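Trainee: Here's the letter readout for the chains.
There are 2 protein chains.
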Amino acid sequence: MEEKTIEREVIYQGKVFDVEKHVVSLPNGNTSVRELVYHNGAVAIVAFNEAGELLVVEQYRKAFEQMSIEIPAGKLEKGEEPIECARRELEEETGYSAGKMTHLFDFYGAPGFCSERVHIYEASEMVAGDMNLDEDEFLNVGSLSLEQALGMISDGKIVDAKTIMAIQHWHINTLK
Amino acid sequence: MEEKTIEREVIYQGKVFDVEKHVVSLPNGNTSVRELVYHNGAVAIVAFNEAGELLVVEQYRKAFEQMSIEIPAGKLEKGEEPIECARRELEEETGYSAGKMTHLFDFYGAPGFCSERVHIYEASEMVAGDMNLDEDEFLNVGSLSLEQALGMISDGKIVDAKTIMAIQHWHINTLK
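Residue numbers (the working numbering), protein chains in the order written: chain A, 22 to 197; chain B, 22 to 197.
By construction, these hints were calculated from the structure, which means they are not laboratory data.
Since the structure is predicted, the reported quantities are computational estimates derived from the model, not experimental observations.
Some hints could be false.
Where chains are identical, the list cannot tell them apart; a pair therefore holds if satisfied intra-copy or between any two copies.
The calculated lysine-lysine pairs, modelled on PhoX-like cross-linking and capped at a C-alpha distance of 25 Å, are [said to hold, decoys possible]:
1) 99 - 36
2) 25 - 178
3) 36 - 178
4) 197 - 99
5) 197 - 96
6) 42 - 197
7) 96 - 121
8) 96 - 25
9) 42 - 121
10) 42 - 25
11) 42 - 96
12) 42 - 99
Taking the hints into account, I'd like the entire structure generated from these sequences.
Mentor: Structure, rendered in structure tokens:
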């Protein structure tokens with residue numbers, strides 16, 4: 022079922038992603054075109070505060086022109102280990118450092134055209150500290166009870182894939 | 022916290038997505054650049070066969086050069102209602118038609134740069150029929166027990182966001 026690239030055109034080389042257009046051979050011998058977004062990958066962190074509430078950050082998302090409530094996350098730097106990135110992003114965005122980071126699973130959020138693989142970790146042994154945001158990063162930090170979080174998925178106030186996965190993971194652990 | 026567009030450059034207009042680069046104003050008065058992928062949106066369907074197993078399709082994903090096991094899904098056509106798209110895609114990809122489609126929630130899989138909103142539905146009152154794939158679509162249809170599905174998330178054999186969300190949703194319903 023593999024789709025071999027016959028022709029490759031680089032359309033854009035950006036800071037966050039590159040865009041390419043490939044002509045590929047199909048299993049039936051025909052060819053087709055695949056438009057592809059290449060991204061270096063990211064991490065996301067499921068972390069709880071002293072009250073047992075899920076840490077979330079609220080920020081403006083230009084792609085859909087709305088504020089979005091999400092678990093802490095960030096892009097992998099070149100050559101950076103996902104687990105180190107998870108420690109760094111948690112600390113930068115929330116001020117908390119985690120004594121322990123446990124890998125949960127990885128996912129692709131838009132597998133039809135985008136190579137971004139997101140590595141999700143669960144933080145534990147948390148120690149509070151100071152936030153340290155990137156220059157162009159503006160966000161509000163908060164926390165949610167499970168009941169609040171589930172209500173916000175139902176109401177459409179939480180619409181971010183990794184955050185929905187984190188909340189469902191949490192819900193499963195409370196029901197088990 | 023809104024980021025107003027000051028300058029907008031169209032980089033690519035494709036079949037599946039467009040790419041733009043915006044210069045935006047930040048809350049502190051500075052400007053920054055946002056690289057954006059505009060996509061028309063998609064649907065995904067949580068559906069079960071007569072044996073109570075989750076319907077999945079396996080297909081090649083060029084963006085990460087691997088076979089991927091995912092719940093049925095597809096892109097919205099221009100002006101198409103998400104629920105109609107869900108009925109159409111379920112039938113095209115699996116042959117099943119659903120007497121009832123219940124909206125679960127919507128999500129953005131890559132909110133940092135991509136506008137693709139995915140609408141997830143749960144199908145019920147299922148009637149089996151014949152598949153009807155697009156010309157360039159090659160996929161294997163199958164089904165998974167909850168135990169198999171959970172094992173495939175742990176093993177990294179299922180790495181698609183919508184499919185992980187569907188399996189977690191199913192797991193929650195069995196535990197409640």
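Trainee: Give a verdict on every hint.
Mentor: Results for each hint:
1. Taking the shortest alpha-carbon separations for residue 99 and residue 36, only the intra-copy value of 12 Å comes in at or below 25 Å, while the best inter-copy value is 30 Å.
2. In the homo-oligomer, the alpha carbons of residue 25 and residue 178 lie at most 25 Å apart only across protomers (22 Å), although the nearest pairing inside one protomer, at 41 Å, exceeds that limit.
3. In the homo-oligomer, the alpha carbons of residue 36 and residue 178 never lie at most 25 Å apart, since the shortest distance is 29 Å inside one protomer and 30 Å across protomers.
4. Within a single copy, residue 197 and residue 99 get their C-alpha atoms no closer than 38 Å, and across copies no closer than 43 Å, so neither meets the 25 Å cut-off.
5. Taking the shortest alpha-carbon separations for residue 197 and residue 96, neither the intra-copy value of 32 Å nor the inter-copy value of 35 Å comes in at or below 25 Å.
6. Taking the shortest alpha-carbon separations for residue 42 and residue 197, neither the intra-copy value of 46 Å nor the inter-copy value of 46 Å comes in at or below 25 Å.
7. For a Cα distance limit of 25 Å, the shortest separation of residue 96 from residue 121 inside one copy, 20 Å, qualifies, whereas the shortest one across copies, 40 Å, does not.
8. For the homomeric pair residue 96 and residue 25, the shortest alpha-carbon distance between copies (23 Å) is at most 25 Å, but the shortest distance inside one copy (28 Å) is not.
9. In this assembly of identical chains, residue 42 and residue 121 lie within 25 Å of each other by CA distance neither inside one copy nor across copies; the values are 41 Å within and 38 Å between.
10. Taking the closest pair of Cα atoms, residue 42 and residue 25 come within 25 Å of each other only inside a single copy of the chain (13 Å); across copies the shortest separation is 30 Å, beyond that limit.
11. Proximity of residue 42 and residue 96 under a CA criterion of 25 Å is satisfied in both settings, with 23 Å inside one chain copy and 18 Å between copies.
12. With identical chains, the CA atoms of residue 42 and residue 99 are at most 25 Å apart both within one copy (23 Å) and between copies (22 Å).
The structure fails hints 3, 4, 5, 6 and 9 (numbered hints given earlier, in ascending order).
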